[in-house]
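Visitor: Residue numbers (our numbering): 118 to 248.
Everything labelled a hint here was simulated from the structure, so no lab data went into it.
Keep in mind it's a predicted model, so treat the numbers as computed, not measured.
The C-beta atom is built at its ideal place from N, Cα and C for all residues, glycine as well.
Check each hint, because a few of them may be wrong.
Claimed, not checked - Pairwise CB distance ranges (calculated):
no.	residue 1	residue 2	range
1	Lys200	Pro233	32 to 42 Å
2	Asp228	Gly180	49 to 59 Å
3	Lys206	Thr142	29 to 39 Å
4	Glu169	Ala197	11 to 21 Å
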Amino acid sequence: MKVQNQKVLEGCAALTAIAIQERQTPWKFGGLARLAMARNLKRLSDAKDTIETTKQGLAKELGLGAAPNRTLAEEPDQEAAGKFLAEWKTLMEAESEVVLTKIKVSDLRLDENQIPLAVLNGLDWLLTEDA
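Assemble the whole structure, with the sequences as input and the hints as a guide.
Guide: The structure is reproduced here in C-alpha cells:
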C-alpha cells in the first residue's frame, strides 16, 4: 500500500513503543495482532531507514551534515537550512510503498491493555474496525 512518509515514521514509532513497553508490560494481544505488529514494525523500519538515508543525503548535499571541524556554536547556512526544510516537508508528504497488515481493533484487547493514547494515535491508520 502507498503510505505517506510521515505516517511511516509515526507508525514505526508507535510500534517501537509497544515493543519496548512489552518488556515491562505483559500485553495480552491476540496472536494475529502480535504477528501483524511484528511484520509491520519490520517493514516500517525498513521504510524509515530509506527515509533516513534520503534525509542524510539531502543534508550532506546542502552542506548541513556534521563537518569534522564544525563546532556546535556555528550556525548552519540559513539558505541551505531553508532548502533542507522545504525538501524535508516534500519528503514527508511523499509516499512509500509498504506491504502492511491491518490490525483488528478487537485484537488489541483495549479493555485489558492500557496502550498510551499517543501510541494508539500513531497506530490509528493501521487499525481496522471489526465487521
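Visitor: Indicate, hint by hint, whether the structure satisfies it.
Guide: Checked hints:
Range check, Lys200 to Pro233: Cβ separation about 36 Å, and the 32 to 42 Å hint holds. At roughly 53 Å, the beta-carbon separation of Asp228 and Gly180 lies within the given 49 to 59 Å, and the hint holds. A hinted range of 29 to 39 Å for the beta carbons of Lys206 and Thr142 is consistent with their spacing of about 35 Å. Our hint of 11 to 21 Å for Glu169 and Ala197 holds, since their Cβ atoms are close to 19 Å apart.
When each numbered hint is compared with the structure, no violation occurs for any of them.
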